[in-house]
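> Next come the chains, spelled out residue by residue.
Number of protein chains: 2
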Amino acid sequence: MSKDFGITPRGENYADWYNELVIKADLADYSAVRGCMVIKPHGYAMWELMQGALDGLFKATGHVNAYFPLFIPKSFFEKEAEHVDGFAKECAVVTHHRLKANPDGPGLIPDPAAELEEPLIVRPTSETIIWNTYKKWIQSYRDLPLLVNQWANVVRWEMRTRLFLRTAEFLWQEGHTAHATYDEAEQEALTILHQCYGRFVEEWMAVPVIKGVKSEGEKFPGADHTYTMEALTQDVRSIQAGTSHHLGQNFAKAFDVTYQSAEGKLEHVYATSWGVSTRLVGTLIMAHSDDKGLVAPPRLAPIQVVIVPMGRDEETRTKTHGASDTLAQQLREMSYGGLPIRVHIDKREKESPGFKYNHWEMRGVCVRVEIGPRDLEAGAVVVARRDTGDKQTLTLDETTAAKIADLLPEIQQALYDRALAFREANTHRVDTWEEFAKAFEGEGGGGFVVAHWDGTQETEDAIAEKTKATIRCIPLEPLRSEDAQPGVCVYSGKPSKRRVVFAKAY
Amino acid sequence: MSKDFGITPRGENYADWYNELVIKADLADYSAVRGCMVIKPHGYAMWELMQGALDGLFKATGHVNAYFPLFIPKSFFEKEAEHVDGFAKECAVVTHHRLKANPDGPGLIPDPAAELEEPLIVRPTSETIIWNTYKKWIQSYRDLPLLVNQWANVVRWEMRTRLFLRTAEFLWQEGHTAHATYDEAEQEALTILHQCYGRFVEEWMAVPVIKGVKSEGEKFPGADHTYTMEALTQDVRSIQAGTSHHLGQNFAKAFDVTYQSAEGKLEHVYATSWGVSTRLVGTLIMAHSDDKGLVAPPRLAPIQVVIVPMGRDEETRTKTHGASDTLAQQLREMSYGGLPIRVHIDKREKESPGFKYNHWEMRGVCVRVEIGPRDLEAGAVVVARRDTGDKQTLTLDETTAAKIADLLPEIQQALYDRALAFREANTHRVDTWEEFAKAFEGEGGGGFVVAHWDGTQETEDAIAEKTKATIRCIPLEPLRSEDAQPGVCVYSGKPSKRRVVFAKAY
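Chains as they are written, first to last, in this note's numbering: chain A, 1062 to 1567; chain B, 1062 to 1567.
One chain only, chain A, in its complex shape (with noise of 0.2 Å):
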């Protein structure tokens, strides 16, 4: 492997083979901006997947977009009391709305003339800004339900950042609904978590989770309960992949948002929230790749088939390059998932074929296909998947672009597939605090360690202090029958409703 694209094997650093693919694989760049990234073409066109395929699952179950201020007046983080502490502390603060010439010296200085009369917050999420506008919104029963998503970028000023993991900047969705009744809210963040999330992540980014709800240590800043799906990652950490809130009438009440009953009655709404974000990639990067660099699922890839015809004199790069651009075209006319198929045919004169499957390997492209001109004029051509790195000739007739075609799906389901093994074989159920200990012992340490606790806050906190794993959820259904049996407490020994997943996590 050539120098360009060597990247540090998991198994010796895996963190810095998680930042070397990123960047390698041209999907994403440090910025000159602390903490936030530059997300590169190839980077933001798997982001761009990702978005028309939730976009489609939220407009399914009846969602509509809009867009709200990318600011917060500062009074409104003010309103919702558990809501200050959790996102009000680190945020980037507006204070000014202009530059001048700095009059001691070169350059420019905000204009102390021009300081705002309240600062603004550049949102960390948007709860406040549009329950202040749903107050406008929502008078009667006839207003409810309402069913609203926004795509936008937010800002939580993050001391230590990651690529994709953990930016100060990063893009998402963000869904606010609001409802008559408790049940239709409850009702409203489960579509979100099976219909939503839990298809888009386990059918598009081929990533089997564990849904659940979070303990009160771990739920959403003013929220009654979160729920949430848990992907485990080849360094077997837990990795947050959606988070969608039953909100209560926290919000409704901070904000006074009431509406006209068919009864008349004057009552609070109710309300959910729900979110996924660019950390997706991240997540999709973690469960799938290996050290030659990026695995994408095929529904994802930005290019699923690269076309690599050879040839060292014109003659023959004529006609490698005429049957490449024919079942080029041929794929383009086919379609998985929905969409054409994404081919690329490299031409490059200058570059090796290795060079080539090296650089397209790295790029997580799904199937490559090789095109040289003794295999052409023996009428075939070298498929090579990128999952498994198998390769086989087909002959090139016409049936070829559809057995290329065929092998989407195929891979699609064999990462899914690999990843649930994976998972299962990093799955385990202790008993004793002295087997749980031990399962986390090291910095690698853990997996899902599913077991029973007494469901304080207490024991939550001890556990996580003396082991660094926290509760990732309490699954909705249990991983096994077994699981939710009663026993005892691992930590504490006291009685235990059922077991649940513990995990260190991203």
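Read the hints as simulated data drawn from the structure, not as lab findings. Any given hint could turn out to be false.
No copy is singled out in the list; a pair is fine if it fits within one copy or between any two copies.
To be verified - Derived PhoX-like pairs (lysine-lysine); straight-line CA-CA distance at most 20 Å:
1) Lys1326 <-> Lys1353
2) Lys1411 <-> Lys1380
3) Lys1408 <-> Lys1527
4) Lys1197 <-> Lys1085
5) Lys1411 <-> Lys1353
6) Lys1140 <-> Lys1196
7) Lys1196 <-> Lys1085
Could you slot chain B onto chain A? The hints should help.
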């Protein structure tokens, strides 16, 4: 017309008409943050259709999307002198990264211990941060051209704001390209103007535009020259619908971006940038709408066909609802402009037909289908066009859906034709200062005034001061061949090479 729906007629007060229309057509709303708007679902759906069409045109001309940080370090604005003057003045300045409890009272304050070493500016446009990044991406001629677009929000601290037309925060796309030569950059700026923006505004928005070059006084700060498209509103003012800038080597020099040419020489890169924004929604409203509300061109109408079934009793409604469902299904299986036809059935029981007609007329639905019990028994439906108000009775059979679908391109063309005729009726050629000044007298003055100009900034400034009219553009193609003939400046009497277009502008 019921009071709920009434808006001020255009003839009475055009500004009030516009503002009331935006609110009552559910397109946008004021927010709690000064100068920032909330884009409501109906307005956002129109923006999404615009985005989809534009994004397709960008990709068809070889562009890719990426995403750059929201924040720009203050020092970046200090690098390109003209750009500073143009953009680093009225902007949102982030000075702190934390809020803390106010030690002297209730609430939160920016934490003095968390003041940023260097203030960050919320991007008013992204040339500086992007060219800082391109420095890393561009080394060799093989890295060129770089054809990147981003969809993003930007902030310019405007003192006088109007929904969609001028807001502190707005949504837009900004393309930023890098090229080896001046000619390639010039070609790019023109490709965007003609193949992307020009096609979009004329074919999707049904708005005729004059394409031209901006005068020095009106060009983008930091550009070599700026191309623009100018449309005429119904109050006969000009509105800039999109701009494409040839930046020369200005930003490459300010950020020291060079490439090694095929001959091994180190050269500065040439650049373009180009953008259109949510202002286009305002342009669209101004171009076509009437005193009943929004008139949306079919290709961008969130709802193209609304079906209003009638019936006072359950039995009748079962029949009219059934016929509505069947017709809607047939329409949804048809497409217009490459997308399925967008149909809504208004089954509300508590609202009268008249209420519903006004409701959907206000929101710009192109075609209304009324399904009443008597018509239905006679095997007919009534179809009304939003643009003309024309009503016709159609026999309800297997051809009805197709006949309704055929109205969409017809309306699209009719709107364009009407807007073009309006523009032509409001384009005047004048040769004396007396005529010129008279054309712009009064508040609503002018339309497009095509007149000779001596080419000096001095004259442009003097004309603007006396009449409030500015040079909207120097047309690329003369509107009439005579416009390309030399003459004498309408203001100074000095020689003029050709006529240019003056107007009062939004």
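> Would you pick out the hints that fail for this structure and give their numbers low to high?
1, 3 and 5
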